[in-house]
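Model the full assembly from the supplied sequences, consistent with the hints where possible.
Top to bottom, those sequences are chains S and Z.
Numbering-wise, the first sequence is residues 1 to 117 according to the numbering used here.
Numbering-wise, the second sequence is residues 1 to 112 according to the numbering used here.
I should point out that these hints are in silico values taken from the structure, not numbers from a laboratory.
You may find that some hints are simply not true.
[Said to hold, decoys possible] Okay, the calculated beta carbon distance ranges per label pair:
id : chain 1 : residue 1 : chain 2 : residue 2 : range
1  : Z       : 70        : S       : 117       : 44 to 54 Å
2  : Z       : 18        : S       : 80        : 46 to 56 Å
3  : S       : 57        : Z       : 18        : 39 to 49 Å
[Said to hold, decoys possible] Chain Z stretches covered by chain S per the calculated footprint, using a threshold of three residues with CB under 8 Å from any CB of chain S:
id : segment
4  : 43-56
5  : 102-110
Backbone N, C-alpha and C fix where the C-beta goes; we use that ideal spot for every residue, glycine too.
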Amino acid sequence: NAGVTQTPKFQVLKTGQSMTLQCAQDMNHNSMYWYRQDPGMGLRLIYYSASEGTTDKGEVPNGYNVSRLNKREFSLRLESAAPSQTSVYFCASSEGASGASSYNEQFFGPGTRLTVL
Amino acid sequence: GDSVTQMEGPVTLSEEAFLTINCTYTATGYPSLFWYVQYPGEGLQLLLKATKADDKGSNKGFEATYRKETTSFHLEKGSVQVSDSAVYFCALGISGTYKYIFGTGTRLKVLA
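Structure below.
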């Protein structure tokens, strides 16, 4: 039982390059999330997927796209990377039972440290 | 809108000292409240939670009580250890949604 896995662990991009961050969970959770963590800002929600087949914007979605490929996988794409996207990115999942999802803890992956030059 | 405010760090304590990290929130409805801990180089992991007013969450010697009257969820531990050195995040789950809001985190450093 690996929990939430993320790839890659580290990535360096040049401005304008594109890349996809991969996330997978093996806990049969319904909901999945992408956050970015910046010093002094805590975690900010980029996108989330309440259930398979749905995605919604979070607090800071600009410059990102997501795909909920199936129940297990939720990817985050940067189409044209900018230095402002230098951050640590965390994927998380939760059981997400309808109506009671906010009571459920989130399980986090180990993070991807992205630097955009 | 909904928000979480927690005390700024870093907090530096000697081993066996008493710890309090303050957390207050603003929310409509009836949120659930969480404390997460992040050790260096790792993702966040749940430390404790409370889902309704007056609930006390506890784990590994840490405690926090959901205080609706003061909209607070302060984290306490009676005797900290060096291994407790980490960043602690207060968070709330927005009722009726799938969203969570995290505070900015408080770094704790415990000295032997």
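Evaluation of the provided hints:
| no. | hint | result |
| --- | --- | --- |
| 1 | Z:70 to S:117: 44 to 54 Å | holds (46 Å) |
| 2 | Z:18 to S:80: 46 to 56 Å | holds (50 Å) |
| 3 | S:57 to Z:18: 39 to 49 Å | holds (42 Å) |
| 4 | 43-56 | holds (count 6) |
| 5 | 102-110 | holds (count 4) |
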